[in-house]
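Undergrad: The lines below spell out each chain.
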Amino acid sequence: MTLVTLAIATGFALVLIGLLGALTDRNILRMIVAFTIANTGVNLVLIGVGMLPGRTAPILDEAVSVAQAAARIVDPVPQALVLTAIVIGLGVTALMLAYALRLHQTRHSLDIRTFTELKW
Amino acid sequence: MREELRKRTVTAPDGQTFEIEPLKDYFCEAQPQVQRPAYAKIVEDLFNWARSESLWILGFGTGCGAIEMRPLMTPRYDAYRFGIQWRPTPRQSNLFVISGYLSVKTLKRVIRSYEQMQGPKYVVGLGSCTINGGMYWDSYNTIKQLADYLPVDVYIAGCMPRPEALLAGFEELKRIIRAGKGEGANRYAENFEWYKANQKRVIQDWDMPDYNW
Amino acid sequence: MVSAIFILAIGLGAAFLLGLLRDTWRGLAYALTLAALAAMSWIAGSWLVALAGGLGPVEIRTAGFAPPFAIALRMGLPEAALSLLISLTGLLSAVYMRGTLMRLGRRAMAVLLIAVMALVGIVLTRDAFNLFVFLELTVIATGGLVLLSADPRALGAGFKYLVVAQVISILLLVGVIFAYHATGSLNIDDMAAANLVTLKGGAIAFFLMFVAVVAELKPFPANGWALDIYESAHPAFSAILSAALSAAALIAADKMLSIGGPEWLPVASSLGLVSFLGANILALAQDNDRRLLGYSSIGQVGLVLVVLGQRDILGASTPFIAGGLLLAHAVAKAGFYWLSGLVQGRSLMDWTALRGHPVLIFAFVTFVALLLGLPPFPGFYAKWGLVHALAADGRYLVLGLILLGSLIESGYLMRWFGYIIKRPQVDLPPLPSLSKRAVVLTAVAAGWALGWIWGEISGYPNLLLSIPLLFALGFLFIEWLPAWVKNLVAIAGLGAWFWYTFPGYDPLHLIYAAIILVGGAVILVASFDAKGRRVGFYPPAMLMYAGLSMLILAQDSFAFFAAWEYLTIGSYFLILRGKKSEPHALSYILFSLGGAFAILAGLALGAQGVLPFDVADLAKAPARLAPWIFALLAIGFMTKTAAIGLHIWLPGAHAEAETDVSPMVSGILLKAGLFGLTLLLMIMGKQSLYGIELTYVMLWIGALSALVGNLLAAFQEDAKRLLAYSSIGQMGYALFGLAMMNHLGWLMALMFVINHYIYKSMLFLSVGGVAKRTGTRDMYRMGGLITLMPLSFIAVLIGIIAVSGVPPLSGFGGRWIFYNAIMSSEYRLPMVLIFLSGPIAFLYLFRLIHTIFLGQLKDEHRKLKEAPLWLILPQMLYVAFLLGFAVVPGLALRHVDAYISEFFPAHALIWDDITITSTFGYWSPISIMVVVGCIFAVLFLWLLVLNHRAQKVKQFNIVYSAERPFRPETTHFAWNFFAPYRKALGFMTLPLVTRFWQAQTDLLHSTAQVSRRFYTGNGQTYAVHMLAFAVAVYLIWMGS
Amino acid sequence: MPFEWVQIPYALLTLFIVVNYGLVLTALIQKIGARVGRRHGIRIYQNYVDLLKNYALRTHITHGVMFYLGPVFRLTGGVGLLLFVPTIFGSEMFSNLSFAGDLILALYFVFFGSLGMALGAGESGHPYSAIGVTRGLSQVTAAELPLALAVFAVSLQYETLSITEIVAAQQGGVTNWTLFTNPLAVAAAMLSFLGSMMRPPFDVVLAPQEIPIGPPTEYHSAYLALMQTNRVIFPVAKVVIYMNLFFGGATGWGEFAVKVFCIYMVSVLVGVVFPRFRVEQSIRWFLVWAVPIGVLSIVIA
Amino acid sequence: MKEMHARLRHRHAMGELESRRPDLAFVSVSKDSLRPLLADLRDREGFTHLVLLTAVDWIEDNQFQLTYLLHDRAAPRDLGVRVMLDRDNPVMDSVHDLWPTAATYQRELREMFGIDFPDSPRLDEEFILEGWTDKPPYRRDFDTLEYAEKTFTHRPGRETHDPATYMKQKLYPDGA
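Chains as they are written, first to last, in my numbering: chain P, 1 to 120; chain B, 10001 to 10213; chain E, 20001 to 21040; chain V, 30001 to 30301; chain G, 40001 to 40176.
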């Protein structure tokens, strides 16, 4: 099993664990944590997909010159994507936490089952 | 007087209210008129013959004497061959046979029916009760003399008169009509006040118009 | 031209700028927001103008690199249109939310700007990951904007949304990265070019992306979260969500489909169909307005998805059709949500508050029409094109389901409209806010403008520009005038149009034209009776007349169908005006729309994609399809003539309509169906389906209609219902005549057309006049009105003699021709029913005249006056015409007779001086009239001589078994008039048909009631739905 | 067939003959009915006397215009029906006013009198009138159906709607009568005939003991006289139609008298034997027994 | 009958049984015990049918006698129950709730005897007489002849004969 496969497998496992947690745990905060785990898993998958064994990080400095870049570094795009995704995930998580806070303030509960007044 | 015949106030669909006086608004108040023979004598004679040969009896048995009328329709007596038949509605009848005793309550209906018949019309009093009260001479509820209330053309005495007597009575009536003397309707109209006074004396809750068209 | 990227830049920049402002400078912040949104709209608008002017799509490369190294944007015509839609919706919503935004401050405004910017970004971007980013931005912005709502429940809804959004984002992100891995590019066009789905792992990558994007469309049934937001969010935000987000998500889905290729089109179609049908069915059970609108949104989006999925056959017309549907939906739904902000209650009934605000009602009507795709709105053109394409390609299932879904949708929307107009008004007046109303009206204007635009680019003559329609719409602008002025204008308009079009008619069309235009004008004379302004009467009435007059002029199928829709809508609004007409108007419009869909499908099948399609070319329809086309069209037309089985809407609709509306919808409107049938039979002739001759089936339907209509009429207590059922019977006769497919049958049908118009209009007017005076329509409450209303009596008398076919009036002519017609026809058995129903007509006719005019006059009617002059006047015209027509039927008929000879040369009549001779018999109307008149006069004189002194007596002077009547009510024999007949044949009046249709609607409703339980309100459950949905899509995809 | 003025006196002559014939015929029928009950029955001239008496009544009332016109409508219907049908085949004199229309006219004109009468009776305001009318109308819906079917079958058979031509086709021997060439149609028509003659078992319309003679309850004097006149013309006119359609018509007044009498007697014979049906019973009876025969006749035709 | 009487005596105050025929008997009861007795008879003893309700004016005793004649269809047998009322205060409980037909009889008695049955339906409506203003005509103190002479005109010359003597005279004029 290569590192890449391991990374991707771990990523998917995290995704699944996260989703499972998010879908089974009633507590909003734990759901948020679960989603964070799932996001991390996704990010890991992203990295894993962009990984090329034996290459270095896509940073152009003294170690890797521009001319060698194409052969020496891994694909930089997934890395950029991961960065963006992390930022966005952070935003969403923050928003969810804000919601959790407001929900707790107004409804004094963190159980997702208590917020079913809108249905049907 | 019955509730329905009293004055009442009604509201029209458009909201206006007005009064209804049933006896005036729903019944014709005109008095009966005397209708003299209008045509030449020979024509009137023909008409009188026709009237006499076409006696249509109102099918209204006012008392027990009505039982004697039924045999007239049977094969044994068969009054039809004399031009006599029974009609179910006063409008089409011209002979009213008061069959036996007449209670005050029935008298009211009899007057109404008689007045609804079209002239010339005839009244036959059947049985002693119509003549002088008969066996009901002391009854508090039976009239004693039919002639006080309606213009009688022929009385047929008996208690009861048999069908043969009735046939004889009808033949007598025919003679009277043919002689031009069957003018009971006119007598009634001429002496309308008198008849009405008599009628109203016994019918104490007079709740109909003076003449029932 | 400003680069399109500035739309994004301005949005983003302004949002940042807002963050720099002081929190207290709210006015400035708000101005800045509006300015930014306006600028974005302006840029999008200018692009739209430029692109519509012929400019090709423009690629925008950020950072100056070509993809895949940088993100590419594209500005094409669809993108420009949707960008404009999004930014305008944002702008208007911002205006609408002024109060809320000022209260919440710059952050809220910034979030709004971000939301709009992100939505535009979704539209413009060609980069998959960028798409993800914008979608996430939308999610975040949505999460923020949901909190704008004053509704505390929105908090929970927003959180559920975020939960689901997380799941979606995971799917999307994984999909994107694998797609990138497979193709080495993030650019959507590159992915498409690389044929992603065929690459290793690419298919699953695409599947994940596709599911995630489709999930943003809130597909049924994985959409509980969205409904909660629709229900609880601020209406202006719901407007954005429904109009802008849906548009953006749809274009995203479109982009995905461009990657997925044709293999994924059926999947998209099925998902769309499920959404369209499911959401609409569930909407049936909704009582909350915003939730209902949410369901409707989901349905509409589903429909557009179907269109996208059908792009393989729609080809170049896809943007036209999808755009038409989408824009109509967006404008209407945004308008609806804005309108809902004006209404204070959240139940559907609370919308009764709109009553008394004609402008808002007009807005509501416009939105409904936009949603339902009624002409002249874009949805109409779109559906027309879609249905034709589907029919041409043989995708009948899709076609049928789309029409079914549309019918259900019209069911709840029309029902809602009925509530607004008819239910008891709640005491919560609409908010007076001028700015909010202005926003709503902007949407209305946009709707009409779209109608005009779509008319212009449709390739057909613009529906909005036809003279009759403009005339009808013109009445909207003179609503402030008194009714009599408008009436004059209306009559003049009808007359002028008749005079203007007169030279173009052949005899057959002339008959219909005369009935519709001249006859309509005569009925309008009765409308002078109305007092005040009579708001809301003339526009629909004139719309109906416009539709009718356009119908008979229509050459191609498009004009025909549009006219059909006009007359349906117009008459619906007319019928709805009646006092208790709400349920009947609803069933009318549902049957009519159902019928219209059948017609649409029939026409589409006939056209086989060849457009424009001349109606006369139906004759050339392929033999395989011809019987089906015939059946569909016949069913459509027969809903209008209320043939048995499709008749249940008629009695209530005609009976509950206003006095002068009843003759319009009975005397005139029913003829539209007959006209259609005439045309159909003339063009297509006899058709057989599975060995059964369809005209023979129609013969039976006609005969059954005649029988059941007449029988039911005999048992009615309500005078107008009686007349209504009688119409069913009369239409049955006419249908029967047409279906005989011979010369005399047609002549008879046309004679029925004329006669039925005259006597039914006359009877409805006189009965309406009586009902107006007596305040009731129950016949047994009337009675003895002959002396008080002699003219009405004469009208009814002449009317019933004519209806019953007794000589010497014109009805006899109809019967005579009828007998001659069946002599020359080879069908025997259906005649038995017709023969039976003939005398039954006497039953209800006698009942009509007896229980109203004869018998005992009631207390409260003793001072009634004759019906109003304006109602009497047309009746007397009809009486005169009936008498005239009775004497000289040839004036109208011999030309028609000659005309029919072109189609059926055999058995033409011979019109001598005074005698009309057929192959079998002869008939001389004048002689009959003279003979009967002479005998009558002699006998009358004879009776006068004998009886001239007759004593006039009053009503209780009757022999009454020596008793006397006490009350007129108990003396008037009227209620349950034909009790013995009911004993004998009452079993035939069991409401089987009503029960059948009731069972259908009950089934739909209980389905809706049961399946809505699916949405438990639990956010986790919704997330599970989403995953299950993904699995389901996967299965569908594998399956297809 | 063009109109000539001389047809008017001829038509009047027909009318005169038929009125007298009808007066005597109905009396004779009544006598026959009486003999069945072992009575002598009315005198043969009794109808004249009754008619004269009713014309000679001195007082009259009226309930209104339609009440006044009702009998006029009624008799117009009777006279018109008679005159629209040719009475004697082959006779220019007695083809009456049949130039005005064919069989259909005759069949539909039957209703003219009934309708007017019903309206007149309705204005009297008497509930019995209305009840009688409802019964009559209810019954006629079912009773007319077999006739309509039979007429349809016969016109199909002869391929014409002209009564004269139908009669012409039946000339030349008894076997040419429709009775023998199309027995089913005739059977259906004769059953319908029973229902339209106001005789038992189908006379619940008048029902003297129950709703004193139904529609004419309020009519009297000259009104009644007009209706009586109609009562003698109308059945004869109706029988004439039957005679022309099914029994070969009549070539002379003698044949006319015999045939009309015989056809009329059918309803009498049935009437004296059977008690009365209620309305729904008679409707069912017609639908169950008479209509299928009629249907059969047109299916076979 | 006898057993039944013996049985019922324990429960109801009632007089001796007057037997007329094996299947017909009369019994007198007091006004107060009538209703329970009637109910008992109807519900337990099988006298389901009220044949008639009639009255006799015992003017000498200043009393009205009411007779409720009951019929037992199953047996079959009849029982008359008699009640005496004070003539000055003729009021009796209505039994229309036991037998609806009783209402009609009670109307008649009200009109003809002036006996009051409170709560009986339509009690005060006219029954046979219309517009009657005099005292109830079946009371024996009402003089019908006097009333008739006052109200109606009589035809003069009317004679009254005792049928026996009259026929004797007619048939045997010579007195043999």
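If you're looking for bench data, these hints aren't it; they were derived computationally from the structure.
Worth double-checking, as some hints may not be accurate.
Said to hold, decoys possible - Now the in silico label distances, taken between C-beta atoms and shown as ranges:
1. E:Ala-20445 / B:Pro-10013: 56 to 62 Å
2. P:Pro-76 / E:Ser-20003: 25 to 31 Å
3. B:Thr-10011 / E:Leu-20481: 34 to 40 Å
4. V:Val-30006 / E:Ile-20692: 34 to 40 Å
5. E:Ala-20906 / V:Gly-30090: 28 to 34 Å
Note that this is a predicted model, so its numbers are computed, not measured.
C-beta atoms are modelled at their ideal positions from N, C-alpha and C, and glycine is treated no differently.
Undergrad: Now tell me, hint by hint, if it's right for this structure.
TA: Checked hints:
{"no.": "1", "hint": "E:Ala-20445 / B:Pro-10013: 56 to 62 Å", "result": "45 Å, violated"}
{"no.": "2", "hint": "P:Pro-76 / E:Ser-20003: 25 to 31 Å", "result": "27 Å, holds"}
{"no.": "3", "hint": "B:Thr-10011 / E:Leu-20481: 34 to 40 Å", "result": "36 Å, holds"}
{"no.": "4", "hint": "V:Val-30006 / E:Ile-20692: 34 to 40 Å", "result": "57 Å, violated"}
{"no.": "5", "hint": "E:Ala-20906 / V:Gly-30090: 28 to 34 Å", "result": "32 Å, holds"}
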